[in-house]
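Chain A is fixed; fit chain B onto it per the hints.
Chain residues, written in single-letter form:
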Amino acid sequence: MSRTRTAGRAFLIAALLSCTTLATTGARADDGVAKGDTSAKKIAFSNSYAGNSFRQVMIKSFEEMGAKAVADKQVAATAVVSSNNSVTEQASQIENLILQGYDAIIVLAGSDTALNGAIKDACNAGITVVAFASGVTEPCAYVVDYNLDSYAKAELDFISSKLGDKPANILEIRGMAGDGFDKRLHEGVEKAMKAHASYKAVGEVYGQWTATVAQKEVSGILPSLPQVDAVLTQGGDGYGAAQAFKAANRQLPIIIMGNRQDELALWKQEHDASGYQTFSLGATPSVSQVAFWVAQQILAGKQVPKFVEVPLLQINQPDLDAWLKTVPEGGVVNAEYPQELVAKIIDANVKKEPLPGVPAPK
Amino acid sequence: MSDAAVRAPRSPSNARPALLNALQVGLPAIALLVMLAIIFSIRPAAMSYFGFHLLFKLSVPLVFAALAQMMVIMLGDIDLSNGAFVGLITCVTALYLRDAPALAALCYLVLIAAYAGFGLLIHSRQLPSIIVTLGMSFIWLGIAVILLPAPGGSAPAWLASFMSWQPPLMPLSIWLAALAALAGHLVISRSSYGVVLRGAGGNPRAVERAGWSVIGIRVAVYAAAGLLACLAGLTLTGLTTSGDANVAPAYTLLGVGAVILGGGAFTGGVVSPVGTVIGALTLSLAGSLLSFLQVPPTWQIGAQGVILFLVLAGRVLLSERAR
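Heads up: the sequence lines are chains A and B, in that order.
Residue 1 is where the first sequence starts when you use my numbering, and the numbers rise one by one after that.
Residue 363 is where the second sequence starts when you use my numbering, and the numbers rise one by one after that.
Bound conformation, chain A alone:
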């Protein structure tokens, strides 16, 4: 009798305790999808640039998900504005979005810092700001981004799985001088290179994440280089690099690909011809959906950390054909990020667990 009463009291206290924790933190961080009512909220997407395939797919992903969310009465409206790669214009567009009364703004920033003033204005106006795929430094913004150290480490790990510890010459194709993403990824490369003492960086060019520019720049530096064993990339530049090697009649090194259709097609063609093997990884354009749901979940009351890491999408040789079939001509490998998956990603970030990966298509 007394034992049951103690157990009962303990249970009651435990129940009370958990109730109070629930009450104090609103929705707990690890409780999946937050169900707060966001049906009257409006979410806008401020994009820095719409002029390449990656960004086109990104905007489309956002618009499709937004339209579905509006139809499902999860949000009231969405909007997209693009600023043609001018950060000052993007800043003024953010000021406009504040004027237009949006509840949340997701930002793909043209600069890590140049939007700080505008983002601060938005926060001061009570707007939730989620910056994604860029290292926006204004502390009031939530950041949804990849871990660029692991990006670089994955590239070098693959190369060492193929070349081992033999001395090898490495060419690095970077993005754009003075860009934050480029700097962070390059720092990741420098860190990862330290773990492979036998590898030597023989060259560095800026490919601006574009096949044509990468081809031109690599063609320019190739005559001055010894044999190149592997090429590190930042996405969008692998195809151009391969063309430059072919044009110079050089043997194709291991070029890390960046999930573009042309890159995967070239990889498959080379694999079928000579057994060429490489590895592809990169950002997914639909990361805009992750940012969208993060914003929606914050509006719905979920506790979200200021930094949400997103998993990179990696393609290995066995999955190449399956992925290639899903990519349209000239497009980028993409995956859907529904609300539940994003909630899982947020929870994994909170608990510091491995992130849920993107499964290969069947």
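Hints are all accurate, no fakes.
Here are the simulated distance ranges between beta carbons: (1) A:K351 - B:I493: 54 to 60 Å; (2) B:I493 - A:E187: 31 to 37 Å; (3) B:A384 - A:E187: 52 to 58 Å; (4) A:P354 - B:P530: 56 to 62 Å; (5) A:S39 - B:L544: 48 to 54 Å; (6) B:P530 - A:K352: 48 to 54 Å; (7) A:D72 - B:P530: 43 to 49 Å; (8) B:L465 - A:K344: 48 to 54 Å; (9) B:L465 - A:I221: 35 to 41 Å; (10) A:K191 - B:V396: 51 to 57 Å; (11) A:A67 - B:G667: 23 to 29 Å; (12) B:L655 - A:D319: 39 to 45 Å; (13) B:A407 - A:G357: 40 to 46 Å.
Computed far set for chain B versus chain A, every beta-carbon distance over 12 Å: (14) A399; (15) A462; (16) V494; (17) W537; (18) A540; (19) V558; (20) L674.
For the record, the hints were derived by calculation from the structure and aren't laboratory data.
As the structure is a prediction and not an experimental result, all values here were calculated from the model.
Beta carbons: idealized from backbone N, C-alpha and C, even for Gly.
Coordinates of chain B only, in the frame set by chain A:
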């Protein structure tokens, strides 16, 4: 070249050129008002002090950059380094102005002197300005990337708070634009030295024969352009609160657009500071208009060009009539 300079008369006794000038400045102003009317009809809340503040906040640096470009265009040159220079100024400002103001001031002086020096070089060696300034743009960008390899630094608090200061009657951006237009108007369009300056662009020989040193004028005008671009960089840093080498490449051509939109001509000697300021405001509002209209993002890039085209075409049509 000289033909056009002669054709654009400046005598106030003639009524038609006055009308022509008024129309040239007037059309971008009308376009500006139309765009504002559309924005206000979509969102009446924008028609307030705060609304104007947000709409025109980011136009301040563009106004200064456009005026800098105007100085160079006045000489018949063109400056392709303007945007990169503004980016460099933001880097210097974000890095040094807060902790080492003296060093920052020294940097500004050196950079403005370098600007003037390149002006001198263009003049003395008869080099094409488009090539020299293109080269300079890479130099500025290179120095900026060396100073600040990735966006960062921070603006001094006084600068950031000045840029967010809300003065009485009108938002700061409108005050600054009006003051800049007024100062430019008094110096370039009204003063006798202004006539000499414009003459140095339109007909340098005549100015030289009249006893003026064209070299001196050129150096002075390039230094003034450097100073104005410096102001653009300072105000931009105040708004963004940080430095970024790649922050303003668009200013180069937007500045050219603003000058031409506001009644300037590439022939040299034909510029209007008031028109340039209005042109800059028009261009900065064109992007806002599209976001208020919710134009699909893939169309936005082209649509902005269409607005620019329409205003320019209207100006050309009207000025043909006026002739």
